[in-house]
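Colleague: As given, the protein sequences belong to chains A and B, one line each in that order. Per our numbering, the first sequence starts with residue 1, numbered consecutively. Per our numbering, the second sequence starts with residue 1, numbered consecutively.
Watch out, some of these pointers could steer you wrong.
[Claimed, not checked] To give an idea of the chain B side of the interface with chain A (calculated C-beta under 7 Å), a few residues:
1. Y35
2. D65
3. Q72
4. G125
5. G128
[To be verified] Computed spacing ranges between beta-carbons, pair by pair:
6. A/N140 with B/K121: 45 to 51 Å
7. A/F139 with B/E59: 47 to 53 Å
8. B/S159 with A/A204: 51 to 57 Å
9. B/G54 with A/D20: 41 to 47 Å
[Said to hold, decoys possible] Over 12 Å on every C-beta distance to chain B, these chain A residues come out as not near it, computed from the model:
10. S2
11. M22
12. V66
13. R71
14. A119
Just so you know, these hints were derived from the structure itself, not from any lab. From the three backbone atoms N, C-alpha and C, an ideal C-beta is built for every residue, glycine too.
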Amino acid sequence: MSGFDKVVNSYEEAMAGLEDGMTVIAGGFGLCGIPENLIAQIKTMGTKELTFVSNNCGVDGFGLGVLLVDRQVRKMISSYVGENALFEKQLLAGELEVELTPQGTLAEKMRAGGAGIPAFYTATGYGTPVGDGKEVREFNGRNYIMEEAITGDFAIVKGWKADRYGNVVYRDTAQNFNPMAATAGKITVVEVEEIVEPGELDPAHIHTPGIYVNRVIKGSFEKRIEQRTVRQG
Amino acid sequence: MALSREQMAMRVARELQDGFYVNLGIGIPTLVANYVPDGIDVMLQSENGLLGMGPFPTEDQIDADMINAGKQTVTAATGASIFSSAESFAMIRGGHVDLTVLGAFEVDQQGNIASWMIPGKLIKGMGGAMDLVAGADNIIVTMTHASKHGESKLLEECSLPLTGAGCIKKVLTDLAYLEIEDGAFILRERAPGISVEEIVAKTAGKLIVPDHVPEMQF
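So that you can see chain A by itself, here it is in the shape it has in the complex (with noise of 0.2 Å):
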């Protein structure tokens, strides 16, 4: 069964064939369950033109963030940005540029792109500037834009376990985009905090089927926490 096997053992084997202007989509919702070890190693590569669909672009240091000191990001197709200042700097000189998407909208054609569905209706931005040059179509009174879906060259996910088969599962809220993101990548690599053994998951619980997901890598993980909120216990 060696031809299932997915797992790769380094950070360059892991995003190898990696080159510039292409579009990578990344799993995570603010700093949660973000693939940090291969945005890291993106940064590493230098990769430059590069086309980013992810819901948010990090912090200043953390997360997509990095990959704006060295301007490898020509493009970010996301829902909600501006976290770091880097970001706005870089974006107010011209030097990126930003597709607003609203983030359903955004799950929706990765979820698409991933299925083979190339545009769907939805009511969402509808008479806002989204829906500014889209197709109007009305379905039982109601008006509806068509978008298109998303695919990337690479899909860069973080998963909590998987086997080496590519099955994984996520954990707690750090699933968010990373199912949608595994389905719509050419390339998927699954970076994970634990590989177990085909078998050791159970087949009913598995979030991501290993047939989505090209490479699977173990890392470690900081897990940096964007708002710290507790209560007295």
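Following the hints, complete the assembly by docking chain B onto the known chain A.
Modeller: Quick look at chain B alone, frame taken from chain A:
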């Protein structure tokens, strides 16, 4: 007196019903969770992928993998479920959430809402707001009735780029509770001590004032 943020949250909380799935936006809407009436159970939906949001964690419960849509650390309530962003917005877009509460810059008499973009200022993005207003049938907008400079936020036509078109039917401001029907605001309740005249003066859009406008009780 105009309503305080807490009183606005208390007033919104009266719209909650037992068994409601509710999505609360950032700011005043978040405070609504503190005023859920006795004997009523609601489940809070957080659009990053959590249905059944619990309280903030104690110091030793903090978990970087458990956050809400405001990116704050949270816990899961008993009976919660966790899922992907696509699943989360399927719930929202599909109209399965019973009540959505969110803030805004402007609302107009056609039910249009502007809440995400002020031209000339840095635009950070709409996050999930456009999906929420497009998908929900029952939305309450909470905002101040007028700006600090006294300019009405209840308009004939929104001046800012929209978040959603024709989707708002209920607005709670610090001065009044209003509904939107057939191209007009209808004044349903007023804040304690606030006159109908003051509300009329601070409402730029078409306003219908019924014969009796009860004062909110707290």
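Colleague: Decide, hint by hint, whether the structure agrees.
Modeller: Verification of the hints:
Using the Cβ-Cβ criterion of 7 Å, the hint placing B/Y35 at the interface with chain A is not satisfied: the shortest such distance is roughly 17 Å. Checking B/D65 against chain A: minimum C-beta separation of about 4 Å stays under 7 Å; hint holds. The interface hint given for B/Q72 is met, as the beta carbon of that residue sits about 4 Å from the closest beta carbon of chain A, less than 7 Å. Here the hint on B/G125 is kept, as its CB sits about 4 Å from the closest CB of chain A, short of 7 Å.
Evaluation of the B/G128 hint against chain A yields a held restraint, the C-beta minimum of about 4 Å falling below 7 Å. For A/N140 paired with B/K121, a C-beta distance near 37 Å fails the hint of 45 to 51 Å. At about 50 Å, the CB distance of A/F139 to B/E59 agrees with the hint of 47 to 53 Å. The beta-carbon spacing between B/S159 and A/A204, approximately 53 Å, falls within the hinted interval of 51 to 57 Å.
At about 45 Å, the CB distance of B/G54 to A/D20 agrees with the hint of 41 to 47 Å. Every C-beta of chain B lies more than 12 Å from that of A/S2, the closest at about 30 Å, which supports listing it as non-interface. With a least beta-carbon separation of about 23 Å from chain B, A/M22 lies farther than 12 Å from that chain, consistent with its non-interface assignment. Remark: the non-interface label on A/V66 is consistent with the geometry, its nearest Cβ contact in chain B lying 18 Å away (cut-off 12 Å).
A/R71, annotated as away from the interface, keeps every beta carbon of chain B farther than 12 Å; the closest lies near 19 Å. No beta-carbon of chain B comes within 12 Å of the beta-carbon of A/A119; the shortest separation is about 16 Å.
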